[in-house]
Amino acid sequence: MNCAEMHPLLHAYTDGELDLVRSLDVEKHLHTCPACATLRNSILSLRSALRSGNLAHPAPPALRERIRRDVAGVNTEPRPRPRERRPWSWQWLMIGAAAGALFMVALPPAGISPGDRLTDDLIAGHVRSLMAGHLTDVVSSDQHTVKPWFNGKLDFAPEVRDLAAQGFPLVGGRLDYLDGRTVAALVYQRNKHFINVFVWPENKPDTARRTELRRGYAVMQWNAGSLHYSVVSDLNEKELGEFADDLRK
Amino acid sequence: MQIMSATDPPAQFDEVVLPHLDAAYNLARWLAGNDHDAEDITQEASLRAFRFFGGFRGGNSRSWLLTIVRHTACTWLKKNRPDAIVPVNEDQLQEIEDPAGPDPSAAFSGADAKVLQTALEQLPAEFREVIVLRELEGLAYKEIADVVDAPLGTVMSRLARARRQLQQCLSRKGDWK
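From first to last, the protein sequence lines are chains A and B. The first sequence begins at 1 in the numbering used here and counts up by one. The second sequence begins at 1 in the numbering used here and counts up by one.
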């Protein structure tokens, strides 16, 4: 291994992040190359200077107290509704939704149940994701990349599974908005067909999978582990059913 | 896995989140550049962490909190100090480096804290945050990748380039022996 190849590894080696085999390679190289050995020493001395330089700012005690008080205060209030946590840009949507809801209360449309509306919303969400060219916010076929991406963006942790072996490679994930809350959308693919999996928390007992077919789309929904799953695709019902079963395993 | 012995949310929050408040404030302070903004960001992030606490399923509570702090800091700075955010892409980050810089293999000893602090303050935010997370907070590469929402390889190359820039910065100030 030459020095140019060695430099990126030297940082990982010095940080203790290299696997055993490559660590041994680096150690061997360091014995024979004074320039790389000096570089490693400079990484170490920079580190010790940074760590001994009093550069970390501890949290002021008053701030700690303020946060404790805040948290105690929040807790005595009624549990915040999801909508209160949303950034302001959603407020207009909420106003729109509220106006829409009022309209519906005033003129109850015959024969449209909330479940029907959700199915329509799910299909609309699926179609929108394909049309807007905004299928994924994080593009990765690696479940270990997609899952952490949701950290801090949602108040729940969706399970991200790799189903490539079953013929449904993971494409990525994004945030979406459905049924009055921010939800996780996982995107899988079967040949040319995209599959959207919408996930959000719902405190209901686990249910069996139920299927609805509408306008050429199949929508499959179930509850498991206090999460609601909705799978939407233009894939045929049989294959989508296989996908849903793989996802539930 | 964190063991959650207490059942009421504030007590759990005290046990799981507040131990990492120093790390949270330190990251916010280095991203914001002053105490006042850092306090606002940390307070807001802590409240968000508390509200999202139901979504925390054990695991690494420090990375989890730091992810929220970083996210809050970005949003906060964009809203309140848009001039403080200078978006740079990876290519630009590459160009910032001084190709004709001093020999990076020069041994470093005892730059005074003030010089080091200024050098770190002057790093682009993308570099500054990886140095703070790695060298000041001691996070593993994987944890840093989670917090800054970037692939592992990007974290490694940013860290290497951040160190090189710090060393160059310091050597320009004549603190190299």
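Just so you know, these hints were derived from the structure itself, not from any lab. Possibly wrong hints are sitting among the right ones.
[Stated by the list, open to error] So the derived label-pair ranges between C-beta atoms look like this: (1) Arg-68/A x Gln-117/B: 27 to 37 Å; (2) Val-115/B x Arg-128/A: 28 to 38 Å; (3) Lys-78/B x Lys-28/A: 17 to 27 Å; (4) Gly-58/B x Asp-246/A: 22 to 32 Å; (5) Arg-210/A x Asp-22/B: 45 to 55 Å; (6) Arg-51/A x Gln-122/B: 51 to 61 Å; (7) Val-115/B x Ala-164/A: 43 to 53 Å; (8) Gln-122/B x Glu-27/A: 33 to 43 Å; (9) Asp-206/A x Ala-113/B: 53 to 63 Å; (10) Arg-128/A x Ala-113/B: 26 to 36 Å; (11) Pro-58/A x Gln-122/B: 16 to 26 Å; (12) Thr-207/A x Asp-14/B: 50 to 60 Å.
[As the list claims (entries may be wrong)] Derived pair list, reagent style DSS-like, types lysine-lysine, alpha-carbon separation capped at 30 Å: (13) Lys-79/B x Lys-249/A; (14) Lys-114/B x Lys-147/A; (15) Lys-142/B x Lys-238/A; (16) Lys-114/B x Lys-153/A.
[Said to hold, decoys possible] Chain B stretches covered by chain A per the calculated footprint, using a threshold of three residues with CB under 8 Å from any CB of chain A: (17) 22-30; (18) 76-83; (19) 121-130.
Each residue gets a CB set at the ideal place from its N, CA and C atoms; glycine is no exception.
Results for each hint:
The given range of 27 to 37 Å is respected by Arg-68/A and Gln-117/B, whose C-beta atoms sit roughly 30 Å from each other. Hint check: Val-115/B to Arg-128/A, Cβ distance near 53 Å, so the stated range 28 to 38 Å is violated. Remark: the range hint 17 to 27 Å for Lys-78/B to Lys-28/A is contradicted by a beta-carbon distance near 48 Å. Taking the beta carbon of each, Gly-58/B and Asp-246/A are about 26 Å apart, inside 22 to 32 Å as hinted.
The hint said 45 to 55 Å for the Cβ distance between Arg-210/A and Asp-22/B, and at roughly 49 Å that hint holds. Checked against the hint of 51 to 61 Å, the C-beta distance between Arg-51/A and Gln-122/B comes to roughly 19 Å, which is inconsistent with it. Separation of Val-115/B from Ala-164/A is about 51 Å and conforms to the stated range, judged on CB atoms against 43 to 53 Å. Taking 33 to 43 Å as the suggested C-beta distance range, the pair Gln-122/B and Glu-27/A conforms, at roughly 34 Å.
Look at Asp-206/A against Ala-113/B: about 57 Å separates their beta carbons, and that is inside 53 to 63 Å. Between Arg-128/A and Ala-113/B the CB atoms are about 53 Å apart, so this pair departs from the stated range of 26 to 36 Å. Range check, Pro-58/A to Gln-122/B: Cβ separation about 23 Å, and the 16 to 26 Å hint holds. Range check, Thr-207/A to Asp-14/B: about 37 Å between beta-carbon atoms, so the 50 to 60 Å window is missed.
Between Lys-79/B and Lys-249/A the CA atoms are separated by roughly 44 Å; this puts the pair beyond 30 Å, and the hint is violated. Using a Cα cut-off of 30 Å, the hinted pair Lys-114/B and Lys-147/A is violated, with the two alpha carbons roughly 40 Å apart. Only pairs whose Cα atoms come within 30 Å are accepted, and Lys-142/B paired with Lys-238/A is rejected, the gap being roughly 39 Å. A distance of roughly 36 Å separates the Cα atoms of Lys-114/B and Lys-153/A; the hinted pair therefore is violated under the 30 Å criterion.
Only residues whose beta carbon comes within less than 8 Å of a beta carbon in chain A count, and the stretch 22-30 of chain B has 6; three or more means the coverage holds. Coverage of the stretch 76-83 of chain B by chain A is violated in this model, with 0 residues showing a Cβ closer than 8 Å to a Cβ of that chain against a need of three. Counting residues of the stretch 121-130 of chain B whose C-beta lies closer than 8 Å to any C-beta of chain A gives 0; at least three are required, and the coverage claim is violated.
Hint compliance for this structure: hints 2, 3, 6, 10, 12, 13, 14, 15, 16, 18, 19 are broken, all remaining hints hold.
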